Amino acid sequence: MGRTHECDDACKIVSVPQIATIEEIKDEIVDVKTFYLNIDDKDIASKFNIKSGQFIMCTVFGAGEFAVSLPPSPENDRFHISVRQVGKVTRALHKLQVGDKVGIRGPFGNGFPFEEIKGKNVIYVAGGIGLIPLRSSIVHVLQHRNEFGRIILIYGARTPKDLMYQYNIDEWLKIEGFETYITIDNPVPGWTGETGFVHNLIPKAKIPVENTVAFVCGPPVMFNSVIKVLMDQGLSDDCIISTLERHMKCGIGKCQHCAIGRTLVCTDGPVYTYRQIKTLGEQI
Amino acid sequence: MYRIKKSDIVNIAQELSKEYGIFGPYIDRDAGQVMFDRLDDLSQIDLDAPIPAIPPKHVIYPHSECILKYSYDPTAKKAAIERIHSEKPKALFGLRSCDLEGIRVLDRFFLGQEFVDEFYLANRKKVFIVSNTCVKPFAQCFCACTDSGPSAKEGFDLNLTELGDEYLIEAGSEKGKAFAEKIGLAKAGDEYKDKKKKAIDISLDLFTDFAVENKAWVSRVTNRVTTGFIKEEIWEYIGNQCFECGACTFVCPTCSCFNIEDVNIGSGATERIRSWDSCSYEGYSKMAGDHNPRKPVEDRRNKRFFCKLSYSQSKKYLRPGCVGCGRCAWVCPGDIGLPNVVTYIRREITK
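Sequence lines, in order, name chains A and B. Using the numbering used here, you'd call the opening residue of the first sequence number 1 and step up by one each time. Using the numbering used here, you'd call the opening residue of the second sequence number 1001 and step up by one each time.
This is chain A alone, in the form it adopts within the complex (with noise of 0.2 Å):
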């Protein structure tokens, strides 16, 4: 028999969402909110422990439960969510206010790999609130700094004002080894940066191709547009490395709903290898 227990050496919430309460909004970006959120039961909320790439499902009391992905590092980053507000449950999420409560189920999925790319290259490419999934990596990385080759982030927005962690970002610039590309589509006025789309920018940036793992999350047509430079600058399929997005009800691997070929993205993702992607034979 699978997993029941509510709490064990790594806590999972299956079933019942655990309470939760908002302590902190932060204003981002047009629609999207940074939610700080403490679970209310100090037990399990020592034992909540996330891997980066894993999401967990939040219930707006009243409203209903959506799938979110997890932005912050697992080490030493305060455990927050960051949503755009776009369906019915999410436009209830952002009139809370701080003090209010919330439910958390999770953390579910498998997560980006992080033991198996000590000593790679990593370089992430981001496009719009395709960066929210990956923050949880770069950070994670950025953290062991020393254990990872070149670094490089790639990261594109509609306008200044749509880039994401507008804070991190000026954050990661000063870092030193910490190659960020920023763009926009469109040049503006009082722009300095690089202007337009990102896959654009990789063949700039020199990306290393041996011993690389190449993280790339963002819109659909974004998605393709790099995929394909990666690959022409000689980058295998099974170091390209995304997360994808579905409809998901129950998070657990039973609803169904975010089935893809063979695969449901909550129990055998939501992280997958370009190459695990190719052979599921379904749209991204």
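Hints are computed from structural coordinates only; laboratory data are not their basis. Keep in mind it's a predicted model, so treat the numbers as computed, not measured. Any given hint could turn out to be false.
Listed next, with one range per pair, are the computed distances between beta-carbon atoms [stated by the list, open to error]:
1. Lys1126/B / Gln283/A: 54 to 64 Å
2. Asp1037/B / Lys88/A: 50 to 60 Å
3. Asp31/A / Asp1041/B: 56 to 66 Å
4. Tyr167/A / Lys1231/B: 50 to 60 Å
5. Lys118/A / Glu1271/B: 24 to 34 Å
6. Ala1288/B / Met231/A: 25 to 35 Å
7. Gly1289/B / Thr159/A: 14 to 24 Å
8. Lys1077/B / Asp31/A: 17 to 27 Å
By construction, the Cβ of each residue, glycine as well, lies at the ideal position given by its N, Cα and C atoms.
Given chain A, work out where chain B should sit, using these hints.
Using the frame of chain A, we list chain B on its own:
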């Protein structure tokens, strides 16, 4: 092995009813259909009735079920969540072998993967199963093609086989054996093994008369469905006939997809309802923001039959996802029940 006079079979249900709520097949005169549901009047049980219109999966996996209740007071910032339990003892009396196999598929899926579905487990925990051998197939049956009949091999507590004016009763579990001993059923000698085998052989022979149109050569198409070597036109042809009504999924003994919705019931209280869902609906995979990776109907049809017939799914269920009950062919307004789909794919292979 035990035996009982045919006319006394209801006594077993009577005995079971002391401990369990009885669910069994009966003919609903108003609807003119065979149903499988909770019965207070046990004389209504009709073990000769054709397979029920809707499989008994709803007894352990309800159409719609409240799994949690919660309340939130936004002023006091107080939330309370309550899990809803339901562990009522239930006896499924006179289950056909295809439907039993369906429940076994659901068991493996809900209880045997990485996570256990606690709500399913609660419903399933105290269930007593009395299966019923089909001594003759019904018009839409093809369980002989899917290795799920006409007689159950395992998974029951008791199995009934009609032999003339008697029923042979086999115990398939300790629980079943203890019950049979407790109520003092008459023992059946070894000669009943032969009698049962003969009855099953006759039943299998009847498939060629009754079920000529229903042969589903499942094994032949599994490889194609698994590897995806099926022309897009075939799925388009199948997709064009799909009304997206979802009936095939709701009458399928193994379909288990569900939706979850939080329904406000007033005074700040909410019920989390989970209800059957269908992968044939357009909204099934649609995400907030309207991105829908499975928009075309043929993509969704393709996935349903992948789920029923592919090798990777069979690994999860330890058998094909189809149990040969034929209900999908029966209810489909577009004529794309599983046997027909298998035929279309097969026709393509043999071309």
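Verification of the hints:
no. : hint                             : verdict
1   : Lys1126/B / Gln283/A: 54 to 64 Å : violated, 43 Å
2   : Asp1037/B / Lys88/A: 50 to 60 Å  : violated, 35 Å
3   : Asp31/A / Asp1041/B: 56 to 66 Å  : holds, 59 Å
4   : Tyr167/A / Lys1231/B: 50 to 60 Å : holds, 53 Å
5   : Lys118/A / Glu1271/B: 24 to 34 Å : violated, 47 Å
6   : Ala1288/B / Met231/A: 25 to 35 Å : holds, 31 Å
7   : Gly1289/B / Thr159/A: 14 to 24 Å : holds, 19 Å
8   : Lys1077/B / Asp31/A: 17 to 27 Å  : holds, 25 Å
In summary, the numbered hints that this structure violates are 1, 2 and 5.
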